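Number of protein chains: 4
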Amino acid sequence: MTIRTLVWGENVHEKTNKRVAELYPDGMHACIAGALNKDAGISAETAVLQDAEHGLTAERLANTDVLIWWGHAAHGDVDDKVVERVCEAVWGGMGMIFLHSAHFSKPFKRLMGAPCNLTWREAGERERLWVTSRNHPIAAGIDNYFELENEEMYGEPFGVPEPLETVFVSWFQGGEVFRSGLTYKRGAGNVFYFRPGHETYPTYHNENVLKVITNAVHWAHNPAARLADSTAAPNVPVDKAPEKIEERGVTLHQAGEAGFR
Amino acid sequence: MTIRTLVWGENVHEKTNKRVAELYPDGMHACIAGALNKDAGISAETAVLQDAEHGLTAERLANTDVLIWWGHAAHGDVDDKVVERVCEAVWGGMGMIFLHSAHFSKPFKRLMGAPCNLTWREAGERERLWVTSRNHPIAAGIDNYFELENEEMYGEPFGVPEPLETVFVSWFQGGEVFRSGLTYKRGAGNVFYFRPGHETYPTYHNENVLKVITNAVHWAHNPAARLADSTAAPNVPVDKAPEKIEERGVTLHQAGEAGFR
Amino acid sequence: MTIRTLVWGENVHEKTNKRVAELYPDGMHACIAGALNKDAGISAETAVLQDAEHGLTAERLANTDVLIWWGHAAHGDVDDKVVERVCEAVWGGMGMIFLHSAHFSKPFKRLMGAPCNLTWREAGERERLWVTSRNHPIAAGIDNYFELENEEMYGEPFGVPEPLETVFVSWFQGGEVFRSGLTYKRGAGNVFYFRPGHETYPTYHNENVLKVITNAVHWAHNPAARLADSTAAPNVPVDKAPEKIEERGVTLHQAGEAGFR
Amino acid sequence: MTIRTLVWGENVHEKTNKRVAELYPDGMHACIAGALNKDAGISAETAVLQDAEHGLTAERLANTDVLIWWGHAAHGDVDDKVVERVCEAVWGGMGMIFLHSAHFSKPFKRLMGAPCNLTWREAGERERLWVTSRNHPIAAGIDNYFELENEEMYGEPFGVPEPLETVFVSWFQGGEVFRSGLTYKRGAGNVFYFRPGHETYPTYHNENVLKVITNAVHWAHNPAARLADSTAAPNVPVDKAPEKIEERGVTLHQAGEAGFR
Chain X
1 MTIRTLVWGE NVHEKTNKRV AELYPDGMHA CIAGALNKDA GISAETAVLQ
51 DAEHGLTAER LANTDVLIWW GHAAHGDVDD KVVERVCEAV WGGMGMIFLH
101 SAHFSKPFKR LMGAPCNLTW REAGERERLW VTSRNHPIAA GIDNYFELEN
151 EEMYGEPFGV PEPLETVFVS WFQGGEVFRS GLTYKRGAGN VFYFRPGHET
201 YPTYHNENVL KVITNAVHWA HNPAARLADS TAAPNVPVDK APEKIEERGV
251 TLHQAGEAGF R
Chain L
1 MTIRTLVWGE NVHEKTNKRV AELYPDGMHA CIAGALNKDA GISAETAVLQ
51 DAEHGLTAER LANTDVLIWW GHAAHGDVDD KVVERVCEAV WGGMGMIFLH
101 SAHFSKPFKR LMGAPCNLTW REAGERERLW VTSRNHPIAA GIDNYFELEN
151 EEMYGEPFGV PEPLETVFVS WFQGGEVFRS GLTYKRGAGN VFYFRPGHET
201 YPTYHNENVL KVITNAVHWA HNPAARLADS TAAPNVPVDK APEKIEERGV
251 TLHQAGEAGF R
Chain D
1 MTIRTLVWGE NVHEKTNKRV AELYPDGMHA CIAGALNKDA GISAETAVLQ
51 DAEHGLTAER LANTDVLIWW GHAAHGDVDD KVVERVCEAV WGGMGMIFLH
101 SAHFSKPFKR LMGAPCNLTW REAGERERLW VTSRNHPIAA GIDNYFELEN
151 EEMYGEPFGV PEPLETVFVS WFQGGEVFRS GLTYKRGAGN VFYFRPGHET
201 YPTYHNENVL KVITNAVHWA HNPAARLADS TAAPNVPVDK APEKIEERGV
251 TLHQAGEAGF R
Chain F
1 MTIRTLVWGE NVHEKTNKRV AELYPDGMHA CIAGALNKDA GISAETAVLQ
51 DAEHGLTAER LANTDVLIWW GHAAHGDVDD KVVERVCEAV WGGMGMIFLH
101 SAHFSKPFKR LMGAPCNLTW REAGERERLW VTSRNHPIAA GIDNYFELEN
151 EEMYGEPFGV PEPLETVFVS WFQGGEVFRS GLTYKRGAGN VFYFRPGHET
201 YPTYHNENVL KVITNAVHWA HNPAARLADS TAAPNVPVDK APEKIEERGV
251 TLHQAGEAGF R
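Chains as they are written, first to last, in full-length UniProt numbering: chain X, 1 to 261; chain L, 1 to 261; chain D, 1 to 261; chain F, 1 to 261.
The shape of chain X in the complex, shown without the other chains:
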């Protein structure tokens, strides 16, 4: 069974910036999805900001194993209801990969609980990504490092929680470093942040970048059934306790009553 992957693109600069349109005539999302579909284990589709409900209906999320997100100029245009829906899908077990400027996207900030800020510079400088976790499945097929001749700089401090694992750290020509590949788990969902991908450079035509994203789809995929209610907080009645106990003391709730939220 293939991993049902949805590549979400903001699809703004592809329409408004000549350079971006030349590099990605069908959009970055289409470029990435095309590369993923070369992997026999992945079946990738696309959705964009401009679609109804941004292409992220409850039904579509229920049929998505891994969601990839790229956004930049229009973070604020993403509907908060859709953001919550996406996060609940992650908590229920959907894998999610955030690319580049998606560090400031609503769902990433929501899932991190942190400012997710950084320093940046747009100078087309050289970036070199070093593997910091040997033989990590996300880095499969990558030697100790790979290079991107032209990229935007992102610099530390990167305002994210300490990850489960740091998979890549970037070196920049202008003197900065950045933790470029970070893994997290939120609820039952695996989350990966991957830094490269400024839209005015041909980053998503780079074979190493595409290899990492492909690896990350496999890593993020959780084959377990999606949790039915990923936010439920069920009461366990006294007579259903694993060990026999007797109720003592004063209670706030009546039997069977829901808790406060």
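In case anyone wonders, no lab produced these hints; they're calculated from the structure.
Treat the numbers as computed from the prediction; the structure is a model and nothing was measured.
Fair warning: there could be bad hints in the mix.
Copies of the same chain look alike in the list, so a pair counts if it fits in one copy or across any two.
Derived lysine to aspartate or glutamate pairs resembling DMTMM-like cross-links, with alpha carbons at most 25 Å apart [stated by the list, open to error]: (1) K18 to E149; (2) K81 to D229; (3) K18 to D77; (4) K240 to D143.
Please build the complex by placing chains L, D and F on the supplied structure of chain X, with the hints as guidance.
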């Protein structure tokens, strides 16, 4: 210099439930603050939901080193603007301690980026909290475990991110376990979750519980100056790069322009 | 391609204790390997302490994807050279699973760098293992918890490093708790500790225990090629630096010289 | 009460290399201890490899709150019994800081359980250390980064376990990156690795380096009493169980017998 601590209480059940009022005639927040003020290194005040801006104005947060939060019945009544203000203070370096049912409070869910759900039972059963990180400063003065004869049960799975450190794990008479003391860092701020404290039991009169909360205030306190703008993402101009570089390629932004958010 | 799994057993109490011999006439290692071989993706063999080089020659380790370790009475009889060989295999990418009393085995203590101590009681009491990481692949097929009616108690504090993820926490009838399923990475190798398995109880005939061990083999398996020299610290000559630099200052080493170890 | 700090130096190159002797006429250990003693809260002494028992008797370790370790050429000359004694002190609560080439020292490798390898180049190139954990107490007084004009390069992958927190990441002129400040806990002891300090450069005369080491002493100090036996695994007799239980099933051990190790 003392640690300026603010104990925030929802202050609802103290007014509406006879048993809670008997246990905490001045409110749980006052009970906790009173205990903290016995520590020469701490200076504790209180604020409640019913205060203007919930007692959490920007000025007051700027003068708070550690904020303690207890809420239950009225999570939904907390103003989203205040929640965001509190989280920004944490990201800037304010310590924060969440107690018991605050697992479902807005600021905790916001900082965790996770559902924060659990199972629960209100049966006045015995809880035994085991130390899982030897000599952790938050557990100072606690032997391998301590007991609470009557508590509400919270059970795993607890829907929070993997913590930096697990300090306590609880055993419940009815057969469940729970990770009861968890440390996190969000931005520059230290965060601690501590499980005990159901309002119909005398938990905040227990000396071990009060010792842990007192320890946690010291642990959470970050003596560094609060970050001026904890969410800023400054541009580093090409001529200010640590290493000399020359701009290459096409840029999206004009020099000095702010990034997209 | 199947995961080549080697189940290592100390094989002492099976020979000397009547009860253990009745429960595991061919040894616990054979019982576990038999269960693993029911999984089409796993090919399991066994090795024991009494084999030449404990059955763990360099060649055999090179052909092992995942090593499972059970020891108790004879930890001290394991040859230090074999221990180092096993650890180097882990650092090179071999997965490793430690069961029950293997918390005090030489390779586990060596890989943890910590005392790995705990409290214990042999009373045939009830243990209930709770899942603390929802939908973790190691817990696949397990509901929120499962029970073992008779087990040895292991209690906190458990003297191990903070894990990457806590997958199970145990409740014991006598009042203790224990972090029973913990994941680590050491070098390129995935490591899992799983608590149950006292030899006088039929634990390795329990279907949930066997399910978890089977899951853990899949989780621990790293399909990447084993690192050729997992402890090498290569010099990068000045003329091979990724960026062009010139040597400055006084050097300790001559060009091409090995570093100090 | 001041933090009793012991700076341990291998003290070999100071005696055999002209450049090192010029930079550190009294040894690097004396240079570091001198800087620490300027902090009113720290009382620092020194010990060297050539002292009886390397200056690390059981009594001296019992009176040391934080131990700092620098070694390079003579790792192999450190007595294994002393290494074990040092590690047990850490497990009991002694703080420990490893500097630079101590990544390959026996106690660091023992505490990490990992190869601790890296790549390296001795070219006197520029290093820039970036803070990756804002307002971390170990980085107090450091802006977003600081520079060392001449240092040895250490490059990723660094073969250590994922840390509790990554505090510094280094940029090197020759194109590599390195996680230069990492925190761990082993038993009750706090451990910090800090990268800079090649002996042919004046690194330990740099005020930022000395500031970080001073901060790290404060961070690593655990004021709790040292654990009496940091490796004990006590039996809990049935009649001392926190909850009343009755013994069931067959036991391996007689009452009061010690466990297997």
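Hints, verified against the model:
| no. | hint | in the structure |
| --- | --- | --- |
| 1 | K18 to E149 | within (21 Å within a copy, 42 Å between copies) |
| 2 | K81 to D229 | within (17 Å within a copy, 28 Å between copies) |
| 3 | K18 to D77 | within (22 Å within a copy, 48 Å between copies) |
| 4 | K240 to D143 | between (54 Å within a copy, 16 Å between copies) |
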